[in-house]
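S.K.: Numbering (our numbering), first residue to last: 1 to 315.
Everything labelled a hint here was simulated from the structure, so no lab data went into it.
Pairwise CB distance ranges, derived in the manner of DEER restraints:
| no. | residue 1 | residue 2 | range |
| --- | --- | --- | --- |
| 1 | 259 | 96 | 40 to 48 Å |
| 2 | 122 | 61 | 36 to 44 Å |
| 3 | 315 | 114 | 38 to 46 Å |
Where a beta carbon is used, it is the ideal one built from N, C-alpha and C, also for glycine.
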Amino acid sequence: MKLGYKLAAEAFGPKELIRQAVLAEQAGFDFVEISDHFHPWLDVQGHSPFAWNVLSAIAMRTERLGLATGVTCPTVRYHPAIIAQAAATLAILSDDRFTLGIGAGERLNEHVVGQGFPSVRGRHERLVEALEIINLLWRGGYQSYEGKHLQLEDAQVFDLPEKLPVIAVAAGGNDAAELAATHGSGLFVTEPRKDLVETYAKSGGKGPKYAEVSVAWAPTAEAAVKAAHETSRWGVTGWKVMAELPNPVNFEAASATVRPEDVAEKFAHGPDPEPYLKSVKEYTDAGYDHIVLMNAGPDPDGFFDFFSKELKGQL
1 MKLGYKLAAE
11 AFGPKELIRQ
21 AVLAEQAGFD
31 FVEISDHFHP
41 WLDVQGHSPF
51 AWNVLSAIAM
61 RTERLGLATG
71 VTCPTVRYHP
81 AIIAQAAATL
91 AILSDDRFTL
101 GIGAGERLNE
111 HVVGQGFPSV
121 RGRHERLVEA
131 LEIINLLWRG
141 GYQSYEGKHL
151 QLEDAQVFDL
161 PEKLPVIAVA
171 AGGNDAAELA
181 ATHGSGLFVT
191 EPRKDLVETY
201 AKSGGKGPKY
211 AEVSVAWAPT
221 AEAAVKAAHE
231 TSRWGVTGWK
241 VMAELPNPVN
251 FEAASATVRP
261 EDVAEKFAHG
271 PDPEPYLKSV
281 KEYTDAGYDH
291 IVLMNAGPDP
301 DGFFDFFSKE
311 LKGQL
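Could you build the full structure based on these sequences and the hints that come with them?
M.R.: Following this line, the structure appears as C-alpha cells:
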C-alpha cells in the first residue's frame, strides 16, 4: 500500500502547497495528489492556483515523492492534447514520478470558458474521446482524430518520457470503472466501493487503485470538526450536487443546512489514530492500494507530525 497526501489547491496558495509537499515527503508520505480547480468550493477557502505550475515546482523541490492530479478534466477547460503534452512534460521533470488522474469534471471549473457544461452522458462521451486522444498522442508521431465532440489535427507531442504516466480514471460507477480498465491504466475513487475494484479487474484493469479518505486532524475533536465544517462541508452534499453547481456562492447555499455532526460522520477526526486507521482499512479491505489522506483540519504541520509519529507505523 502507498500513502498519499491531498494538496488542497482550493484552500492554500501556490507557495504554501509547495511547502506542504516538501513536508509530506519528509513525513514519509509516498506521493501527493493535487486538485485541479479554477474556483474553490467555498469563498472561505480563498484559493485556486494553477495545479500544473505547482506540480512542476514540487517536482524540482522533491526527490522520491510521487505526484498526481486528483483529478483533471481534459474535455472543456482543457483540450486533451494540452493535457497529453503537460503530463508528458511533468513526467520528464519528475523523473517518472507522475500519475495523470483524469475525470469527467465539475461545472464549478469547466463553465468558465463559456462553452457550457455537458450532460452526464455528454461528459462521459467526451471523456472517452479525450482518453483516446491522449493515448494516441503518447504513441508518438503526428496524429489526427475525428470524434463526435473532440478533434485533433496533425499534432505531435515531441517530448515524451521513456515511461508513460499511469492514467488513473475517476469512477463513481461501474461504467467508469470499466473505462478505467479499457482506456486508462489505473482507477481513482472517493468511496470504499468493492464493486468498482471488481469491475475494473474484470474489465482487464491491472494498475494502481487510488482512493481519497476524508480526515480532519486537530488537537481536539471539536476543533477538527469546526475546521472541517467551515471549509469542507460541501463534501457532504454528494456528487450530483458537486458536479453541477457553477460557483462558490452556490455551494455556500447548497451546504447551508449541513451541520457539524454531519461532517463529523464523514471525516475521521481528532487526535486519536483509531478513526483514521478504521477509515483507511475500509478502503484497503475493498481492494484499494493507493490511499490519499485529505486533511481538512486547521493545522497542516500538526497533521504531518501526527502522521509521522502516530499513523505511519500502524498503516
